[in-house]
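Enquirer: Each chain is listed here by its residues.
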Amino acid sequence: MAYRAQQINPWFGVGAAALVAALILGTLGVVAFHAPNAAQLGPSDWAAIRFTVSQALLSALLSVVFAVPVARALSRRQFRGRGMLITLLGAPFLLPVIVAVMGLLAVFGRSGWVSQGLELLGLPPVPIYGFHGVVIAHVFFNLPLATRIILQGWSGIPAERFRLAAQLGFSARDVMWHMEWPMLKRAAPGAFAIIFAICLSSFAVALTLGGGPRATTVELAIYQAFRFDFDLGKAALLAAMQLVLAGSAAMLALWMSQGQGGFGKGLDRELERWNEGSRGLDFISIAAAVLFLLVPMLAVGSRGLTALPSLPSVVWLSAWSSIQVALLSAGLALFLSLSIALAVTRFAWIESVGLLAIAASPLVIGTGLFIVIFPVASPQDWAFLVTACVNAVMALPFALRVLIPAVQDVCDDYGRLALSLGVSRWGMLWLVILPRIRAPLGFAIGLAAALSMGDLGVVALFAGTGEATLPLQIYRLMGAYRMDAAAGAALLLAMLSFGVFWICDTWGRRGA
Amino acid sequence: MKASFDVDPAVRIAVIGPSGAGKSTLLMALAGFLQPSAGRLEWDGFEITKQAPSARPFSVLFQDNNLFPHMSVVQNVGLGLRPSLRLSSGETNQVSEALVSVGLGDMGARKPAELSGGQQSRVALARVLVQRKPMILLDEPFAALGPALKADMLDLVAELCTQTGAGMMMVSHDPSDAKRICETAILVAGGRANAPVATDELLRNPPEVLRAYLGA
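Just so you know, the sequences run in chain order A and B.
Residue numbering for the first sequence follows the numbering used here, beginning at 1 and increasing consecutively.
Residue numbering for the second sequence follows the numbering used here, beginning at 1001 and increasing consecutively.
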């Protein structure tokens, strides 16, 4: 039987899990309770559901299809900067959506570089708004994720097997048929399902690039029903639809990706290969991916750099708000995830609260909290606190995925020893567990802070015209066509997001 | 590590020596998985130093991971003939015959996980058989088997070599393996692989480094 850490007090974790469950399910209940029976889904709502599913399917499909040659090239080539490139593939995960959208607009937008190039050739510009734009943005965010997942599959093929293949004289085709295809059959569906689930809950991308009857996701429809029509019944009905959609997709993704490790462990291992395959194809795959990912980021950076010195004061004000929200959110996420991770050593089922958090819609939680707060106080006054709480819940699945295995390892490795030495519960936590998990802890805090820093979601629901977080401020600047100021603010936001992650992650590694 | 010698391709050679001395390194350099930092490898007067592993005149039995777990026994053996697995009927017969000669005639449809350790080694040997390379390289392939089973497998290897006229070179940390099936032995010690000498002679009068290792 596996060792159980008797020296851990699980009740904090049980409480934290209950709190999260109450927040997610309670707010849904509140929204449903306030929905008048008469509310029905109209044609535009069905259109939103259809759009949500179809864009998610296409985004997931394209991300995985493009990721395969990139992952293969990365797995079988050794070159300078390979490690840095793999690190770069983690960057879009932390990049605020609004910043990426600005970058994509600079490249693919009406006056963007690609469209201007096409114009020189006498071709029409790329349609960046609507379905195309939403899919391009989703592929931008999820191609790196798919590449990392599939690259992990490649690294999972034992090096000895490639040696055997070389001994038997496998051609690149044989390697593909006997070794890579079976691996892809296992890894690709999981990657597809995860990305599909992520794209289903898309709000900020749809808010900025979508909209209108033809390009509205369910999350965006909830926001519109609430913000423009104040139609709680419809918001509740859409919220229930979203929970079913996202919930079943999350379950599917979890089921399909079982047994696959977390954030790219062992990706830096270089495999020695004797079956070379096509050099040209690999070069093109890597170069295309780098261009697609880097150019939009550089576009924001170069435009933002000139605007940075003359940013309006509201930008600095909202940046300060964002920092406060991010720190509060990271603290909350840390408390919740650490309590839950500790409790998992005693009650394994508590882990499932993470699944609930994956399925939860921030807009639904926001709507529910709004309804609760509205009769007693001005929701605007609560905007930042609510945003921090919701962001903490959204970061929970990622934090848990990092912390649970780390805590488990410490308990497995040192639990008996600590028990035999008579270490107390507090001693176990402060002297054994926390120092041993410092690195994943720093990573998790940094992740939570960066995600919250860049989040453009529930804050759009709550904030009055007076105050804003930095992402919301950028959205407003874009709406007012103050693109230079928006670019400068976007650069500032990207620096804050990556900066806070870097500080936390470095803190964690330094002691490890 | 340094090595400079000629070997007779038709004999069975043991590679013995202390742990970490470079026995496997020698074998992997021959097989083409390690490039020597200087010097050349020749086979029958032709240089093979730069040849791809599969183009060299050797078939290899590794310590582990000799079989693909998702393929059947027949497929694993068939890889030795055609990595694409598009086998002609004549080649399919060759696979069946090879399986019969290692005593696995009725196990062709099984997956490696459904076989015992000894049977898995036999599948790998069947593949070596169909590869028809002039020399077999073995890197402690039976280390995980029990003593009786290991002796069986060694005898089987020796028998297959005699049958096909192939030579072999085997890394082993157990001198009794060498004594059992190898006429000559290469001593790897002190950063040097020595020229092969008669196994009996080497074990009867071991040099200082080998004596320390044998503990006798």
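Calculated directly from the structure, the hints in this document are not laboratory data.
All C-beta atoms in this analysis are idealised placements derived from N, C-alpha and C, irrespective of residue type, glycine included.
Treat the hints with caution; some may be incorrect.
A short, non-exhaustive set of chain A residues, derived as facing chain B with CB atoms under 10 Å [to be verified]:
#1 A18
#2 L19
#3 A22
#4 P158
#5 E160
#6 R163
#7 A166
#8 Q167
#9 G169
#10 S171
#11 V175
#12 M478
#13 Y481
Beyond 10 Å from chain B on every Cβ pair, some chain A residues (computed) [stated by the list, open to error]:
#14 N9
#15 F93
#16 G112
#17 L123
#18 L164
#19 R173
#20 P182
#21 A288
#22 F292
#23 I323
#24 Q324
Enquirer: Does each hint fit the structure? Answer for all of them.
Expert: Structure-based check of all given hints:
no. : hint : in the structure
1   : A18  : violated, 43 Å
2   : L19  : violated, 45 Å
3   : A22  : violated, 46 Å
4   : P158 : holds, 6 Å
5   : E160 : holds, 4 Å
6   : R163 : holds, 6 Å
7   : A166 : holds, 4 Å
8   : Q167 : holds, 5 Å
9   : G169 : holds, 3 Å
10  : S171 : holds, 7 Å
11  : V175 : holds, 8 Å
12  : M478 : violated, 51 Å
13  : Y481 : violated, 57 Å
14  : N9   : holds, 43 Å
15  : F93  : holds, 32 Å
16  : G112 : holds, 46 Å
17  : L123 : holds, 43 Å
18  : L164 : violated, 6 Å
19  : R173 : violated, 7 Å
20  : P182 : violated, 5 Å
21  : A288 : holds, 30 Å
22  : F292 : holds, 34 Å
23  : I323 : holds, 51 Å
24  : Q324 : holds, 53 Å
Checked against the numbered hints given earlier, the structure breaks hints 1, 2, 3, 12, 13, 18, 19 and 20 and satisfies all the rest.
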